[in-house]
Amino acid sequence: MLEPSATPKLELRNITKWYGPEGTGVLAVDDCSVSVQKGEFVCVVGPSGCGKSTLMTVGAGLEEATHGEILIDGKPAGKPGPRRSVVFQKFALFPSETVAQNIKFGLQMTNVPRDEQERRVQQQLEIMGLTQFRDSYPSQLSGGMQQRVAIARALAMQPEILLMDEPFGALDAQTRTILQEEVQRLSHQMHYTVLFITHSVEEAVYLSDRVIVMSRRPGRIKKEIQLPRDVAWKRGDIEQAAEHPEFIEARREIWALVREEIMAA
Amino acid sequence: MAVNASPSPILSRPLAYGATSLGILALAWVLATSVLGWVGPEVLPSPLAVIARFANLIVEPFAGAALFGHVLASLERWSYGVFFAIVLGVPFGIFFAWVPWFRAVVNPVFETLRYIPPFAWVPIAILWFGASTATQAMVVFIAAFPACVINAQLGVQHVDNILVQAARVFGADQLNTLRRVVVPVATPSIFTGIRIAISNGWMALVGAELVVGKTGLGFLIAQGQQNDSVSTIFVGIIAIGVLGVLIDLCVQRLERRLMPWQLP
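The listed protein sequences derive, respectively, from chains P and W.
Heads up, the first sequence is in this note's numbering, so the first residue is 4 and it goes up one at a time.
Heads up, the second sequence is in this note's numbering, so the first residue is 817 and it goes up one at a time.
Since the hints were derived computationally from the structure, they do not count as laboratory data.
For clarity, every value in this text was computed on a predicted model and none was experimentally measured.
Glycine included, C-beta positions come from ideal geometry on N, C-alpha and C.
Treat the hints loosely; a few may be bogus.
To be verified - Here are the simulated EDC-like pairs of lysine to aspartate or glutamate, each with C-alpha atoms no more than 20 Å apart in a straight line:
#1 P/K226 to P/D240
#2 P/K93 to P/D212
#3 P/K41 to P/D76
#4 P/K82 to W/D989
#5 P/K93 to W/D976
#6 P/K82 to P/E100
Stated by the list, open to error - Here chain P is said to cover these stretches of chain W; the calculated rule only asks that three of the stretch's residues, wherever they fall, bring their Cβ under 8 Å from a Cβ of chain P:
#7 857-867
#8 933-943
#9 979-992
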């Protein structure tokens, strides 16, 4: 299904990002290129503060890169829009709107027909197990439930690309495991194109087809590791997967790379 | 109906405390005046004397109108002033926070005007509008406007930028971002501003009425002083306080209704 030569669905090409004036400000990301093929799940891992979230913000079009460009299907991506949906680490749900209204928000903003809006909201509520929380406000939900709403809100847009910025970073360990498995299941069923930022090596190995390791700040691409795709161990739960030799080997390799960066910092 | 069936225990407890403290105050008042006679009626009339005067003022005109007439006159001016302060001040404050260049341009002027006490405007208001409703309404407006602006501005500035980013990601333009995300999230702060504006306006109004006008609670108090009627002054003062509290309670109730999402 993947042809390396094909035009990537999403391409971050030679991205450099300075905060403050170039040369004297803070260099967050230095000449990073990341490409994600259609239907591919790519994880970016790296030590804290390495600029991986910056890469995502720029990739979503929320901030301008100082140099470099963002391409979708080989063309400039432009402003943020319905082609790219984002799941934020801190959920970023709209507090004054109910679960259903949150999910519907983007559909209304992009003028999806009314009955189609309803249909998609209903569908996402069911997929994410939120039906009974339809009319709850975010403040009434646990962190895990809130992140489900955020994922539902992103998926309801039927985006071409899903950007996830450490989406499980703010959750407790149990909730995180459950959501990792659900995202795994969804991406196997739906073949989403995902760029996923995380600091968890296990998460990256379990979820992704390819892992990109970033260096400490200023963030550069240190190495890309291709992982086995469509293998049985990835479809089960994460504990089982973690016992598979391929998982262990990949985790060891990636951990060694990340550790180098942490120790050198 | 049943008080203890109230769905919100947070409400009933302060109410109980409030009733207790008011009760103690009333008791002290009775003791000091009627029972122990520490202070004479020309300094502090007894509660009974004030109640009698209150009943009297309700039916009998004093200083041009019965008590209700003065209350209405005050409320009318106050509502004009507060209405315009809210309707202009809140959008102004939102715009202030949302558009940096606008803030940069207008802020110095606004900050300077803000430190001029409302009463300093009374003479010019009289010159412009005469001794009319507009004069007092203008003083109310000047007292109420800054609180609306500043709190709306703070509310908008404190909205987490990630929410604005999320709105953009999901295709919202500036107007929709404000309407669906920023303004609702800023609403608690906006309401704080409105409550401050309301009480500032109320206090400024009574002050203005002491100086200018032929009706209103402030005027009633001034006339009480002219006629050496301490009990009239006290009726006026208590009416001002009670009305202020009632207005504030109405706003709080409206606030809860508008923001169901704020409750845990």
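Right, here's what the structure says about each hint:
| no. | hint | verdict |
| --- | --- | --- |
| 1 | P/K226 to P/D240 | violated (27 Å) |
| 2 | P/K93 to P/D212 | violated (25 Å) |
| 3 | P/K41 to P/D76 | holds (9 Å) |
| 4 | P/K82 to W/D989 | holds (11 Å) |
| 5 | P/K93 to W/D976 | holds (10 Å) |
| 6 | P/K82 to P/E100 | violated (25 Å) |
| 7 | 857-867 | violated (count 0) |
| 8 | 933-943 | violated (count 0) |
| 9 | 979-992 | holds (count 11) |
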